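With the sequences and hints as input, model every part of the structure.
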Amino acid sequence: MSRSLKAIAVLLGFAPLLLAPLNARAQENYFVTYTHHMEEPGNLEFATKSVSGFPQAGNAFWGNAIELEYGVKTWWTSEFYLDSQTTANESSVFTGFRFENRFRPLLQEHWINPVLYAEFEDINSADKALLEVVGHDGIEDFLGRNDRSEKKREVELKLILSSNFKGWNVAENMIAEKNIAGEPWEFGYAVAVSRPLSLVASANECRFCRENFALGAELYGGLGDRYSFGLHDTSHYLAPTMAFHMPSGPTFSVSPTAGLNSNSHGFLLRFGVSYEINQFVSRLKGKR
Amino acid sequence: MIDTKKLILLLSLIVSLMISSALLFGAVGDGLWMIKVPDKARNRQNPFDGEPTAVAAGAKLFRQNCASCHGDDATGLSNRPSLHSERVRAASPGELEWLLKNGSMKNGMPSWSRLPEQQRWQIVSYLKSLQ
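Chains as they are written, first to last, in our numbering: chain A, 255 to 542; chain B, 56 to 186.
There's no promise every hint is true.
[Unchecked claim] Okay, derived cross-link-like pairs now, DSS-like style, lysine-lysine, Cα gap no bigger than 25 Å in a straight line:
1) B/K95 - A/K420
2) B/K91 - A/K420
3) B/K161 - B/K60
4) B/K156 - A/K420
5) B/K156 - A/K327
6) B/K161 - A/K327
7) B/K161 - B/K91
No lab work stands behind these hints, which were simulated from the structure alone. Remember, predicted model here, so these are calculated numbers, not experimental data.
Below, the structure written as structure tokens:
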């Protein structure tokens, strides 16, 4: 059985859980930027984040990351990703996995709330999930034919700073990533802001209430590496984001993304769906 | 070829981050959330006080965000506490809003700072209507 089929089999194993009435609501409004909002303990979020690109000098592609996020503690969230991609006129390939943990060291709300993030990823050079942009990442990486020959076993650290003020969320991520095969540290950034359309909840049960929609924007890009830190030969993106939190249902999010320089993709379209299963372990044990 | 020493160094760094977070967590949490509430927060008044629609909206928000742990009728599930309690009855609206904003993370109560302040007050309206 191929690795792709095994991944699909594992995911199908979760299908019965998705059919149960789970009364859940995911919380993310961004695609690249993390906030200090952690997964509620015991909840499992199942999500898919995809990105479509249409490079003029190459083939269109669809990168996808399937995400399982679990709230271990109120201050500790763990995530596991399976990445894959499809490139027109080429192939569809499984490109690797990521395992990440986020820790919130300060247990009360402050003006700025730090979160420590550590990730290990084992992906290959065909990966097109674009979950972050670091170093000198650019459109050239997407123009060659699908090639899985280069293994990227990387460690990624992030300092996440996030604030909530009068309904707005403002988040900043500083990213450091290193291929443990001996390449230099690479750096990147992501900043984002968002706000629900209404800060006050309606008294009525309504699917399309304004409070269920959030609008925002993300700005992210690379900052070079240890030996060439800065903006030279880096790529940057600006993206409005929109999220729709369906009450007792999934969250849909979309982000049309514009590249800001010649190293960037001119246009990317991101789309995500997430669904949260409340008290996952209790359900498995039959306590719910 | 992976440089083993560098790999060990990086993994050590990650483990150190995890341990320091856990230690810091242990040092901060004491479980007695009510004594941590600043006077300014404790004395705040609910801007939706006396508004029936706020209770209805708070009930809706409670079902969406809180019922998975506290139950649809707020009587608690498994080892999660009932909110029909003396502690909730005695708490001021400001204290309850502070708890929703900050959580009581050592005891498993997450922060609900991702909800706008107005929605937290609406939940407080609902909680007070239970008493």
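Quick rundown of the hints versus the structure:
1. For the hint linking B/K95 to A/K420, the alpha-carbon distance of about 18 Å falls within 25 Å, and the restraint holds.
2. Between B/K91 and A/K420 the alpha-carbon distance is near 23 Å, which keeps this suggested pair within the 25 Å criterion.
3. Simply put, B/K161 and B/K60 have alpha-carbon atoms about 36 Å apart, too far for the 25 Å limit, and the pair is violated.
4. Proximity of B/K156 to A/K420 is assessed by CA-CA distance (about 13 Å); at most 25 Å being required, the pair is judged to hold.
5. At most 25 Å may separate the alpha-carbon atoms for a hinted pair to count; B/K156 and A/K327 meet this at roughly 17 Å.
6. Of the pairs offered as hints, the one joining B/K161 and A/K327 holds, with about 9 Å between alpha carbons and a cut-off of 25 Å not exceeded.
7. Restraint check for B/K161 and B/K91: the C-alpha separation of about 13 Å stays at or below 25 Å, so the hint holds.
Checked against the numbered hints listed earlier, the structure breaks hint 3 alone; every other hint is satisfied.
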